[in-house]
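Peer 1: Sequence:
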Amino acid sequence: MSGLPHGWAEVRLEAVAAINPGRIEGLSLDTSVSFVPMPAVSDVDGEIVSPTVRPFAEVSKGYTQFQEGDVIFAKITPCMENGKIAVARTLENGVACGSTEFHVVRPLGGNSPDYIWRFLRQKSFREDAEASMTGAVGQRRVPATYLRDSRLPLPPLPEQRRIVTKIDSLAGKSRRARDHLDHIPSLVEKYKQAVMAAAFRGELTAGARGKHASSGWTKATLAEVCNRRRPITYGVIKLGTEVPGGVPCLRTSNVRWLHIDVQGIKSISKVLSDEYHRTILSGGEVLVNVRGTLGGVAVVPSTMSGWNVSREVAVAAVDAKYVLAEYAAYWIAATSSQQWLSGVERGVAYTGINIEDLRKLPVAYPNRDEQREIVRRIETAFNWIDRLASEATSARRLIDHLDQSVLAKAFQGELVHQDPTDEPADVLLERIRTGRDIARTTRRGQRGRHPV
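In terms of the numbering used here, the sequence shown is residues 469 to 920.
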């Protein structure tokens, strides 16, 4: 690390902090202290969020001890990689005991715990720490020597405080932007449902038909708009073992909301598939999840002709002379239809929809030209919504990148101004060394003193 500003120094972390300083002396066993197991540290914000209070007598042995202002660093995988690193704040009586999977970093000489915490929690630092881990898979840990030997860019104390203040300000803005962007996925679903609701009230195409948006629409059941020779039914009851090169069979995990996920498709024997010939797909059918994970509905593309489905999936071969397959899928996916289906769900631990109930699902539809226009307008609106959602996802990734860029600038001395009147870091380091020498001399003297 070179090119640091005047007044800075590059040091090993152990030069400015005690690593795993050990037990806290002089504390009465009946003193209340904070108790911080690993789950009490947030991997999102890097804060202690849910400590409890225990008598010191209960937790004085078998746990890691630390005090107000220490930085705790999860050493075990995957907690370290996930960012379970925090400054110990507002501890009961200023003391805590916690998981033995924490390293403790105790800043010396007035060094800012927040500055050190920001440095340790950088993504780049955690990636380097991961590479240093030792131990068996699933139990790998960052050794204390890694922390002791880590190189820390050390600014003067006042600049440390200015850096922390600036990072906090920028992080607050990032957090607010991130919170707004994180709401986008739920808004996307609401907007899409609102579009479909308007479509099936006849509002999207009302301009082409005059004032009476719903006039001329036919009301029927789902069974009545399907091919009479292919009644709505479910597929293969027991799939058996995987058959390489066999017939792909779609399950509820594949039938998603308005699309089919081709990941994890299981293949069955052709003999077994032929036993359930009524659900062999030809393309254009509408699939509906009726067991397990409900809500999935999608149109079968022609590329899946010859495939089959499991018993958890119903096949509705809609007749195009009544209803277009895409129109039917949107109708079933809409909130009004999903609420109707929820009302006929059966079971408690394993909910499902009876085929007879699915056949009775109410369907309202206009003529085919208007159906095509409704489908076109829904797809146009969905594409626009998806584009906005994609832009929000990109912005979310950009914020994460900007946060890391801010930290990189901070630790290169490029985030805040340098004040030439600040005491240089070298002076601070000398003061810490002197304090440690005095402490060692004092301890040796105490060990060598004998009672008269």
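The hints are simulated quantities; they were obtained by calculation from the structure and are not laboratory data.
Since we're looking at a predicted model, the values are computed, not measured.
Note that CB positions come from ideal geometry on N, CA and C, so glycine has one too.
Be careful, since some hints might not be right.
Said to hold, decoys possible - No farther apart than 30 Å at their CA atoms in a straight line, the calculated lysine-lysine pairs in the DSS-like style are these:
| hint | residue 1 | residue 2 |
| --- | --- | --- |
| 1 | LYS634 | LYS591 |
| 2 | LYS789 | LYS687 |
| 3 | LYS687 | LYS658 |
| 4 | LYS634 | LYS658 |
| 5 | LYS877 | LYS591 |
| 6 | LYS687 | LYS706 |
| 7 | LYS658 | LYS706 |
| 8 | LYS634 | LYS877 |
| 9 | LYS591 | LYS641 |
| 10 | LYS877 | LYS658 |
| 11 | LYS687 | LYS828 |
| 12 | LYS706 | LYS828 |
| 13 | LYS641 | LYS828 |
| 14 | LYS789 | LYS734 |
Stated by the list, open to error - Computed beta-carbon distance windows for the label pairs:
| hint | residue 1 | residue 2 | range |
| --- | --- | --- | --- |
| 15 | VAL517 | ASP894 | 29 to 39 Å |
| 16 | ALA876 | SER496 | 20 to 30 Å |
| 17 | ALA599 | ARG814 | 45 to 55 Å |
| 18 | ARG669 | ARG646 | 33 to 43 Å |
| 19 | ASN695 | ASN835 | 15 to 25 Å |
| 20 | ALA612 | SER862 | 53 to 63 Å |
| 21 | PRO653 | VAL517 | 20 to 30 Å |
| 22 | GLU891 | GLY471 | 17 to 27 Å |
| 23 | ARG814 | ALA604 | 22 to 32 Å |
| 24 | ASN822 | ARG646 | 26 to 36 Å |
| 25 | PRO653 | GLY903 | 10 to 20 Å |
| 26 | GLU526 | SER862 | 47 to 57 Å |
| 27 | SER862 | ALA665 | 44 to 54 Å |
Peer 1: Okay, ASN822 versus ARG646 on CB: inside 26 to 36 Å?
Peer 2: violated (44 Å)
Peer 1: Going straight from one Cα to the other, do LYS658 and LYS706 come out at no more than 30 Å?
Peer 2: Violated - the C-alpha atoms of LYS706 and LYS658 are around 36 Å apart, more than 30 Å.
Peer 1: Within a Cα-Cα threshold of 30 Å, do LYS687 and LYS706 meet the stated pairing?
Peer 2: violated (36 Å)
Peer 1: Does LYS734 lie within 30 Å of LYS789 when you go C-alpha to C-alpha?
Peer 2: violated (33 Å)
Peer 1: With the threshold set at 30 Å, check whether the alpha-carbon distance from LYS706 to LYS828 stays at or below it.
Peer 2: Holds, because 26 Å separates the two Cα atoms, which is no more than 30 Å.
Peer 1: Between SER862 and ALA665, is the Cβ distance one that fits in 44 to 54 Å?
Peer 2: Violated: the Cβ-Cβ distance is about 29 Å, outside 44 to 54 Å.
Peer 1: Holds or violated: 33 to 43 Å for the Cβ distance of ARG669 and ARG646?
Peer 2: holds (36 Å)
Peer 1: Evaluate the given range 20 to 30 Å for the C-beta pair formed by ALA876 and SER496.
Peer 2: violated (45 Å)
Peer 1: Is LYS877 within 30 Å of LYS658, Cα to Cα?
Peer 2: violated (40 Å)
Peer 1: Straight-line Cα separation of LYS591 and LYS641 no greater than 30 Å?
Peer 2: holds (19 Å)
Peer 1: Could you tell me whether the CB distance from ALA612 to SER862 stays inside 53 to 63 Å?
Peer 2: violated (40 Å)
Peer 1: With the threshold set at 30 Å, check whether the alpha-carbon distance from LYS634 to LYS658 stays at or below it.
Peer 2: violated (37 Å)
Hints 4, 6, 7, 10, 13, 14, 16, 20, 23, 24, 25, 27 from the earlier list are contradicted by this structure; the remaining hints agree with it.
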